[in-house]
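Number of protein chains: 2
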Amino acid sequence: MAKYQQLTDEIQQQIEAGIWPPGTKLPSLRQQVQQQGVSLMTVMHAYEVLESQGWIVSRPQSGYYVAPRALQTAPAQVALSEQVDINNFVFDVLQAIRDPGILPFGSAFPDPELFPQRQLMRSLTNVSHQLTPLDALSNLPPGNAALRQMLAQRYARQGITLSPDEIVITNGALEALNLSLQAVTEPGDYVVIEQPTFYGALQAIERLKLKALAVPSDAQQGIDMQQLEETLQRWPVKACWLMTTLQNPLGVTLSPARKAQLVALLARYQVPLIEDDVYAELWAGDEPPHPAKYWDRQGNVLHCGSFSKCLVAGFRVGWVAAGQHAQRIQRLQLMSTLSTSAPMQLALADFLATRRYDTHLKKLRQTLAQRKAWVHQALRGSLPRGASVEDLPGGYFLWVRLPQGYDTTLLYQQALQQGISIAPGRLFSAGEEFTHCFRINAAWAWDTRAAAAIETLGRLIADQRTD
Amino acid sequence: MAKYQQLTDEIQQQIEAGIWPPGTKLPSLRQQVQQQGVSLMTVMHAYEVLESQGWIVSRPQSGYYVAPRALQTAPAQVALSEQVDINNFVFDVLQAIRDPGILPFGSAFPDPELFPQRQLMRSLTNVSHQLTPLDALSNLPPGNAALRQMLAQRYARQGITLSPDEIVITNGALEALNLSLQAVTEPGDYVVIEQPTFYGALQAIERLKLKALAVPSDAQQGIDMQQLEETLQRWPVKACWLMTTLQNPLGVTLSPARKAQLVALLARYQVPLIEDDVYAELWAGDEPPHPAKYWDRQGNVLHCGSFSKCLVAGFRVGWVAAGQHAQRIQRLQLMSTLSTSAPMQLALADFLATRRYDTHLKKLRQTLAQRKAWVHQALRGSLPRGASVEDLPGGYFLWVRLPQGYDTTLLYQQALQQGISIAPGRLFSAGEEFTHCFRINAAWAWDTRAAAAIETLGRLIADQRTD
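Residue numbers (the working numbering), protein chains in the order written: chain S, 1 to 467; chain Y, 1 to 467.
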């Protein structure tokens, strides 16, 4: 065996044994030469091989460090195939929700019956009467000028001053998030996500060949700021993708102080924040919470929003207020989908001009709160001892934590056979941390069918009891 | 200087000097050890560095080869920044076309006044009366079932039997092409494109961190089959992206025999063909030409189509008949834009059901042929001696070749100041091969303004005369 290969194996075994924990600085090249009695070339080659296999990372002007935990236990190949399995799983879950015979507690979208169908269709009719052939051109990226202006006005009402030129209209928030991530990273870069996280973040990271650094979030305070700072200290992080308001799946909203702290922290490390704020309009209380974007002074927060969760399903219109990154995002969009459909942009601009939006949102928030309370109450009667339900103000998700040992991936399969979908915890992490949890979408009409479904879930869970 | 660095520099200089032409096998590691009197480690390290810089490629069980011409003259970094410049240029060209004061001879889209505006708007109105909240779900990928069925019927009329399940509806053909490329490649892979090529292919390749292998196409026969085969022999090609009918910018359509040959050749090398067929409906003659997909027996041709060039601008609806790759493309779409807008899919399905499409297309082809003839005639009177115009049957592009020495990038800038856009040759290649050429979109109404613009172009060209 070549000397460099011996050294490679040795260091790899030391990392596996925990001798060099994730984030530790490895001995320098010179130190290794002295300690191991081998040539500098041998050490360099060994470090290169370890880096190419994802065991270690080099940081310019600093040295070599052990790679984060997620990459530590398996070489890149295995990690990749695990990811593909999650994708298959997400895909299966999404496909199942399409079946109108399935009760979609697993969906991420609210009941579209809650949307102002008649007014939206009136706007679409208006557009069909007014659309001119030139509208295809004038709605190219960054998108419809009137729509961007009305969005800028909505930001202004929240005390956020930004130019309509900073806003890019996209094919839903998912395109906004994906383009944002692409705009600030290169393949191989590290990206901070939270854990649990929206599975779209995991998929985007895999698709763009990035590496995820997961920082825990909890339902009390949201993302762990101290761990976030440690992660920023240790790794060359190129982006941070978080939900700061009504986080999916936990439902947690960061306090204003924590949002300000988050922006300041990321500014200090020059790390762009991709702020996924698709549930922003579904707040509870007297005042809408500010997004983290409110505290952004450097144009380094990319605030992604959407109409899909609060106004209309299927139009596929979202946006990003991208600060200094707006130009780059436009270009990426021109290369990948060219633009958002002109009639859809115009229909939304027409609807927003009617000023019915806020009236609709107020009613929507009330209905969702009522429905969530019903589902929560029914769950309380159906869950085993030791289970808990996170029910935070706003939104329409309930996060159910069963006692350890319960298997919600299995529960998902069993429930599906009974015509009920749930979003199992497995979706929300690259690992196995949440396989005893699941998310319930409580936005659906509360009727005997829904009540029976919660009972069925309770029975299936009870049957899993292992004691 | 370290020994491996000396060897790296030496081999790099040899490649630059043409001692090892692109595609040549380099001396093996053992041979280098003997020839250079250095250690195996030193040679390995040098080869690794050369590979990481794009000078050479390794081929499993075979050895190291000099990288293709495109990568030969510059290390990866420089190639990248050149690409970014092209992107800026493409972006500028696209932005200029948006200005309604500019005569858009540089546009890739036909005059939208030629589209059946009234019937399309009637379809949009129908949709606005019939759309239900559930339509958002039922139009998720692979897309609207009725639309996919009607597309499959149109394929069937051409003798192409494919299941509607093979078809994925996308946000325009650009998304179809990008998802197709992504579905069959990984970053770093080699992709064959033609030269000149649609600039979107260059952008997609850069965005996905792929490497382009350009094979020449000419206006007589299209892509050079012999060079294509040599390229497939030499490089581990993972995809081939071509326009087989009414190629942009040349206007050439491969003969049926050549299309069959192309499919057979790529099948032999197991290379998927991404067939960009967005001008398919703008054929001339008695019968529409078959796409290469017609000869596909392995489901390895991804045929990408669109309504944007022949029916409606700004709806952003295209599709791919993706054969064995359809499932993977659906998943990539679910991760990146989620889906195509439901009302837009429904409006097109409604329009296609009226059976007005073929009547419209027949008239459109006639009008375009007439307009192209007028522009060509005017150009003949305005161009300098030695210039030539490719005017092939069908479509609406004219490809103008000025004598060597003329600079169409400069011409583009000068014409823009006169309120005229053209598509300069620089857009259609990563290199400088076509800087004396430009593309003219002849789909616009032929009036005094257009005639004056052609005269102005002629004058600007005459002013460039250097003799």
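Do not rely on the hints blindly, as some may be mistaken.
Pairs involving identical chains hold if they fit within one copy or between any two copies, as the list cannot separate such chains.
Taking lysine to aspartate or glutamate and the EDC-like style, the derived pairs with C-alpha atoms no more than 16 Å apart in a straight line are [to be verified]:
no.	residue 1	residue 2
1	K238	D358
2	K209	E186
3	K363	D286
None of these hints come from the bench; they were simulated from the model.
What you are looking at is a predicted structure, and each value in this text was computed from that prediction instead of being measured.
Consistency of the hints with the structure:
1. K238 <-> D358: neither (36 Å within a copy, 51 Å between copies)
2. K209 <-> E186: So K209 and E186 pass the 16 Å test inside a copy (8 Å) and across (9 Å) alike.
3. K363 <-> D286: Within one copy, since 14 Å is at most 16 Å while 60 Å is not.
When held up to the earlier numbered hints, the structure conflicts with hint 1 and nothing else.
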